[in-house]
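Asker: Next come the chains, spelled out residue by residue.
Protein chains: 2
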Amino acid sequence: MKEKEAYNILVNSGIRPSVQRLAIMDYLLNHRTHPTVDEIFTVLGRKISTLSRTTVYNTLRLFADHHAAQMLTIDERRVCYDGDTRPHVHFLCERCGKVIDLFDEPVPVLTQAREVNGNLVVDAQLYYRGICAECQCKEKYILNN
Amino acid sequence: MKEKEAYNILVNSGIRPSVQRLAIMDYLLNHRTHPTVDEIFTVLGRKISTLSRTTVYNTLRLFADHHAAQMLTIDERRVCYDGDTRPHVHFLCERCGKVIDLFDEPVPVLTQAREVNGNLVVDAQLYYRGICAECQCKEKYILNN
DNA sequence: ATGGGTGCAAAGGATTTGCAACATT
DNA sequence: AATGTTGCAAATCCTTTGCACCCAT
Chain R
546 MKEKEAYNIL VNSGIRPSVQ RLAIMDYLLN HRTHPTVDEI FTVLGRKIST
596 LSRTTVYNTL RLFADHHAAQ MLTIDERRVC YDGDTRPHVH FLCERCGKVI
646 DLFDEPVPVL TQAREVNGNL VVDAQLYYRG ICAECQCKEK YILNN
Chain X
546 MKEKEAYNIL VNSGIRPSVQ RLAIMDYLLN HRTHPTVDEI FTVLGRKIST
596 LSRTTVYNTL RLFADHHAAQ MLTIDERRVC YDGDTRPHVH FLCERCGKVI
646 DLFDEPVPVL TQAREVNGNL VVDAQLYYRG ICAECQCKEK YILNN
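Heads up: the sequence lines are chains R and X, in that order.
Read left to right, the first sequence gives residues 546 to 690 (the numbering used here).
Read left to right, the second sequence gives residues 546 to 690 (the numbering used here).
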C-alpha cells in the first residue's frame with residue numbers, strides 16, 4: 546500500500562516514476578525527520594548502490610517544483626524536505642538543529658496562487674526558531690549539577 | 546542623526562560599538578535591499594580598506610543573535626539580513642532572486658518568547674515565494690514578441 | 001533514434017575555523 | 001595584563017555543472 550502512495554503522488558504531480566524517484570518519495574513519506582539530501586543519499590545509497598547525490602538533489606528539487614514535497618530553508622546551512630504538503634509551521638531548534646512540525650499553529654493557507662502588490666505568491670512558509678523542549682531540559686539539568 | 550541611530554541600536558541591544566559594527570549597522574539601516582554578506586563586504590570594503598569578510602559574517606550573526614537585525618533564510622543559496630526588525634512578510638522572486646518587504650500582510654507577531662508544545666519560540670519568519678511584478682511583466686512581453 | 005533520467009568527477013560558492021595581530025579597558 | 005575584536009588564509013561543506021552513459025518509448 547505504502548509503495549502505491551509514493552507512486553500515486555508522483556503520477557498525480559505530473560512526475561514520471563523511476564526507481565530512484567519512487568524510492569526517494571517513499572523515504573519522504575515514511576520518515577518525518579525533514580531529511581536533507583545527505584540523509585537520503587546515505588540511507589538509500591545502501592539499498593540502491595548506484596544512487597548518486599546528484600540524482601537526490603535533482604529529484605528533491607523536482608518534487609518541490611511540482612509541489613509534491615515542501616522545500617524548507619529554515620536551516621541556514623542546508624536545505625531539507627518535507628513529504629507532508631499540508632500547510633503547517635516548522636520549528637527549528639537552534640541548539641540541536643532538529644526541525645519539528647507544529648500542526649496546531651495558525652498558518653496562512655495558500656490553496657492557490659495569490660496576488661500581493663502585483664507579485665504572484667506561489668508558496669508560503671512560516672518558520673519558528675528557538676530551543677526545543679528536549680534541549681531546554683538538558684540545559685536545566687546542566688545548570689543544576 | 547543617522548549615525549546616531551546605528552549607535553543607539555547597538556548599545557540598546559547590548560552590543561559594543563566598534564568602527565566595523567557601526568558601519569555595518571549603518572549600512573543595514575540605509576539599504577533596504579536585504580543585503581548579503583558579500584554585498585556589504587564589497588561596498589563597505591571600499592571605505593574601510595582593512596575590513597574582512599570574516600568580520601562581516603561575525604557581525605551580522607551577532608546582530609541577529611541580539612535581535613538587532615533579522616537573519617533571512619528565504620533564499621536557499623545564501624543568507625541575507627534586514628535592518629528593519631518590525632515583523633513583516635518577506636517575498637522572494639524565484640526568477641530574479643529579489644527579496645521584497647510586504648508590510649500589509651498579516652504576520653504572527655512575536656513580541657516576546659512564547660511556548661509551543663514545550664518548545665521555546667524566540668523568532669518567527671513568514672516567507673512568500675513566487676514571481677515578482679517586474680518579472681511577470683518581462684515574461685508577458687517575451688510571450689507577445 | 002530520441003528524449004528523458006542517471007551517475008561521476010570536477011568546479012563553484014558560501015561559510016567556518018584557527019590563529020596571530022590589534023585595540024580597548 | 002586581560003579581554004574582546006579583527007583579519008587573513010586555509011579548510012570545510014553544500015550544491016551545481018558538464019558530460020557521458022543508459023533506459024524507455
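Because the hints were derived from the structure by calculation, they are not lab data.
Do not take every clue at face value.
Selected chain X positions facing chain R (in silico; Cβ < 8 Å) [claimed, not checked]:
| id | residue |
| --- | --- |
| 1 | N557 |
| 2 | L607 |
| 3 | V624 |
| 4 | F636 |
| 5 | C641 |
| 6 | V644 |
| 7 | I645 |
| 8 | P653 |
| 9 | V654 |
| 10 | N662 |
| 11 | V666 |
| 12 | A669 |
| 13 | Y673 |
| 14 | Q681 |
| 15 | E684 |
The beta carbon of each residue, even a glycine, is placed where N, CA and C say it ideally should be.
Asker: Starting from the hint list further up, note which numbers the structure goes against and sort them upward.
Answerer: 1, 2, 5, 6, 9, 15
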